[in-house]
Amino acid sequence: MSAILLFMAGIAAIAGWWLSQQRLTAKPWLEEGVMVDLREEGTASLPPAKIGLGVFLAVVGSLFALFISAYSMRMNMVDWRTLPVPALLWFNTAVLVLSSVALQGAHMAARRSDVDGVIVGLCVGGASAVIFLIGQLLAWRELSVAGYFLASNPANSFFYLITAVHGLHLMGGLVALGRTTAKVWHGAAVTELRLSVELCAIYWHFLLLVWLVLLGLLTGWTDNFVDICRQLLT
Amino acid sequence: MVDVPFDTVAGIPPAEVGEVELYHPRSWWTRYVFSQDAKVIAVQYSITAMSIGMVALVLSWLMRLQLGFPGTFSFIDANQYLQFITMHGMIMVIYLLTALFLGGFGNYLIPLMVGARDMVFPYVNMLSYWVYLLAVLVLAATFFVPGGPTGAGWTLYPPQAILSGTPGQDWGIIFMLASLILFIIGFTMGGLNYVVTVLQARTRGLTLMRLPLTVWGIFTATVMALLAFPALFVASVMLLLDRLLGTSFFMPTLVEMGQLTKYGGGSPILFQHLFWFFGHPEVYIVALPAFGIISDLISVHARKNIFGYRMMVWAIVAIGALSFVVWAHHMYVSGMHPYFGFFFATTTLIIAIPTAIKVYNWVLTLWRGDIHLTVPMLFALAFIITFVNGGLTGLFLGNVVVDVPLSDTMFVVAHFHMVMGIAPIMAVFGGIYHWYPKVTGRMLNEVLGRFHFWVSFLGAYAIFFPMHYLGLLGMPRRYHDIGETVFVPASAHDLNAFMSVAALIVGFAQLVFLFNVIWSLFKGKEAGGNPWGAASLEWQTPETPPGHGNWGKELPIVYRWAYDYSVPGAIRDFVPQNEPPAALSAQGAHP
Chain B
1037 MSAILLFMAG IAAIAGWWLS QQRLTAKPWL EEGVMVDLRE EGTASLPPAK IGLGVFLAVV
1097 GSLFALFISA YSMRMNMVDW RTLPVPALLW FNTAVLVLSS VALQGAHMAA RRSDVDGVIV
1157 GLCVGGASAV IFLIGQLLAW RELSVAGYFL ASNPANSFFY LITAVHGLHL MGGLVALGRT
1217 TAKVWHGAAV TELRLSVELC AIYWHFLLLV WLVLLGLLTG WTDNFVDICR QLLT
Chain U
72 MVDVPFDTVA GIPPAEVGEV ELYHPRSWWT RYVFSQDAKV IAVQYSITAM SIGMVALVLS
132 WLMRLQLGFP GTFSFIDANQ YLQFITMHGM IMVIYLLTAL FLGGFGNYLI PLMVGARDMV
192 FPYVNMLSYW VYLLAVLVLA ATFFVPGGPT GAGWTLYPPQ AILSGTPGQD WGIIFMLASL
252 ILFIIGFTMG GLNYVVTVLQ ARTRGLTLMR LPLTVWGIFT ATVMALLAFP ALFVASVMLL
312 LDRLLGTSFF MPTLVEMGQL TKYGGGSPIL FQHLFWFFGH PEVYIVALPA FGIISDLISV
372 HARKNIFGYR MMVWAIVAIG ALSFVVWAHH MYVSGMHPYF GFFFATTTLI IAIPTAIKVY
432 NWVLTLWRGD IHLTVPMLFA LAFIITFVNG GLTGLFLGNV VVDVPLSDTM FVVAHFHMVM
492 GIAPIMAVFG GIYHWYPKVT GRMLNEVLGR FHFWVSFLGA YAIFFPMHYL GLLGMPRRYH
552 DIGETVFVPA SAHDLNAFMS VAALIVGFAQ LVFLFNVIWS LFKGKEAGGN PWGAASLEWQ
612 TPETPPGHGN WGKELPIVYR WAYDYSVPGA IRDFVPQNEP PAALSAQGAH P
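Top line first, the protein sequences correspond to chains B and U. Numbering of the first sequence is given in the numbering used here, commencing with residue 1037 and proceeding in unit increments. Numbering of the second sequence is given in the numbering used here, commencing with residue 72 and proceeding in unit increments.
Extracted from the complex, chain B is given alone in its bound form (with noise of 0.2 Å):
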């Protein structure tokens, strides 16, 4: 369970951070008036739909750093055998990568009102999100031809679940992406879309994070780091 702590840990972090700004020292039952609260001072620009996002991407946090829990004590039972991880995975990876990098791109067109730029980058992020899943697919393939199927033993059932689970994700976002083209598509003014691009871009890049710490563990890298962390705990 330790991922999953250091995690929460992370989480309690920037909640007592945030909560330090509260004036949680504040006697309320002495001050009267109208009070102008830290949201109007800073944070008035953050719109709710940014902050729901980031508790989202906090609860999608949760839910990896706990199957990555589950996956670092399971590795440790004898019947464990490591896959072969497919040389396809780090195609697929470059691709996820640049479509994060186009999103960016339409982010960033976004900002300098560039409605062409938009679409170029939405269109380029939004299709190599596409071939990234098919390239999953494909990898799933392969691994079944080649006789590593679901339950033959738990590193694969694991491969399978947690690839699963990110691609679902990321086809998640796909529908955001393709709500907000269809928007640029009938007109929209990019004023309008600014936020929606941002938030595309800002899970994009969560996602691409979620795959290379997936990518570090299916591929057996982060194993001395697993250990490293399992022996703080014992």
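It is possible that part of the hints are untrue.
Claimed, not checked - Restricting the straight-line Cα-Cα distance to at most 25 Å, the calculated cross-link-like pairs of lysine to any residue (SDA-like) are:
id, chain 1, residue 1, chain 2, residue 2
1, B, K1063, U, A427
2, B, K1063, B, A1051
3, B, K1086, B, G1141
4, B, K1086, B, A1225
5, B, K1063, U, R439
6, U, K333, B, V1160
7, U, K333, B, L1119
8, B, K1086, B, R1117
9, B, K1063, U, G440
10, B, K1086, B, S1149
11, B, K1063, U, P96
12, B, K1219, B, A1175
13, U, K596, U, G545
14, B, K1219, U, K596
15, B, K1086, B, W1176
16, U, K333, B, T1118
17, U, K333, B, F1185
18, U, K333, B, N1189
19, B, K1063, U, G604
20, B, K1063, U, K596
21, B, K1063, U, G379
22, B, K1219, B, V1160
23, B, K1063, U, L435
24, B, K1086, U, R381
25, B, K1086, U, G440
26, B, K1063, U, N432
27, U, K333, B, R1117
28, U, K333, B, A1187
29, U, K333, B, G1183
30, B, K1063, U, R374
31, B, K1063, U, V430
32, B, K1086, B, V1156
33, B, K1063, U, I424
34, U, K333, B, W1176
Hints are computed from structural coordinates only; laboratory data are not their basis.
Got chain B; can you put chain U on it based on the hints?
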């Protein structure tokens, strides 16, 4: 941050809170069924939760009938008994309490208490309810699938949960896991709303430290639930794969009915870690909203400001954080490293500190207050007593050496029913009696309410006090029929019969409550906008029940905290949160 008390001379700027683009229902369907109004969603959540809760209540009757009069009711066999236990626990903890506190109370109270027009993402909020309803329907469907619902116990521990021999192994467990997965998805949608609404939609002047404790409780519980439910999600998905596709995440090598199963190498302990990483915060997900509600009820009905508001807030936050590092105290007998047991016993006992602070503060709020023994107040007092009671037995079970002999006895059942069964339900009832006038515009009947309270309160003690004693005798839990056992004296069987009769009576008292809720809807006394003389914002709406958008043209401006009761020199014994300070109103700066 800079905190600027408002300049009392220059007048008040208009409320400059970002206007939520309100959704306007165009037909009966979108107004009452597919509504995006948090108040309607709250009522939908509450009705659904209470309906499925009634099913769980009936299940508890059946269990008590079997325990009190073993052998008398031939239609309850051992398998069914296990199924009743499982469904009773699962429904009560997740589908009733979690949904009612967060989906019901949260949806209704958060926007009103923070002075918002609605939740920030109304559409997602609506989806949340419909996914929850789907989860409930899938859960209810398990009663009708071949083999019936799962009988694995509410913890669904593998390997037995998916092996033959456990009732509901064919379909029940699959539906159960699917329903949990749906519930979590639905809850996440709602939870995002509650959190962001509290963060971003508070009206002008409403700093975090001016929030009513109900909002603090629901907010913290929601944050915890958002982070803890993924653990149940992961556990459910992996168990589902073990059951359906033959993976071995949790399933060890074992022989089933003389045959070696296809499973091998998995770790049941892994499931327990995941389950309790969700399961323990879940206790506080249910308790924190109750803490908040009780604080508000006590303050309003004792006409006194809450004692130690800051401590109360800090305690809520501390409990929320600590509850993530105590999960393995549910696993003392699972074969963990003994040092783990030591660690988790320590953290468990540390949680007693913020919890005790809360109890002291409630008692000190009551001290020399002008206590009105209204029905909500009676329930609030009952909550404090019951929670202390359950908390004290928690100290027993939190210690490894005491827990080991008490594990899997009726003592554990008595403990958790006191602390997270009876106590939160008392808070739910207190909350309903308190806010019903705001929701419907009418009071609940007082006489029926008192009858409901005394029968429920005394009856619950008649059921669960003796149960501690049975546990100390060594009476095991989850047994369909204890039979002739050396260490169980005949008097214990008489006690069991007594508890069963009490359970039936308490159950019928809840029907009186239901009757009261429906009858008062039409015939109850008109309540007016603020029948209890409460200071918090939800009682200051221009209309009762609050109209669409909650507030009139302008959002309220908040000038004080939510607990200004019996302020010396004030005209009334409460000062509403949105009433301008005397200096301002004298100048006529605000209507």
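Exercise. Could you tell me which of the hints above the structure violates, numbers in ascending order?
Key: 6, 8, 11, 12, 13, 14, 15, 20, 24, 25
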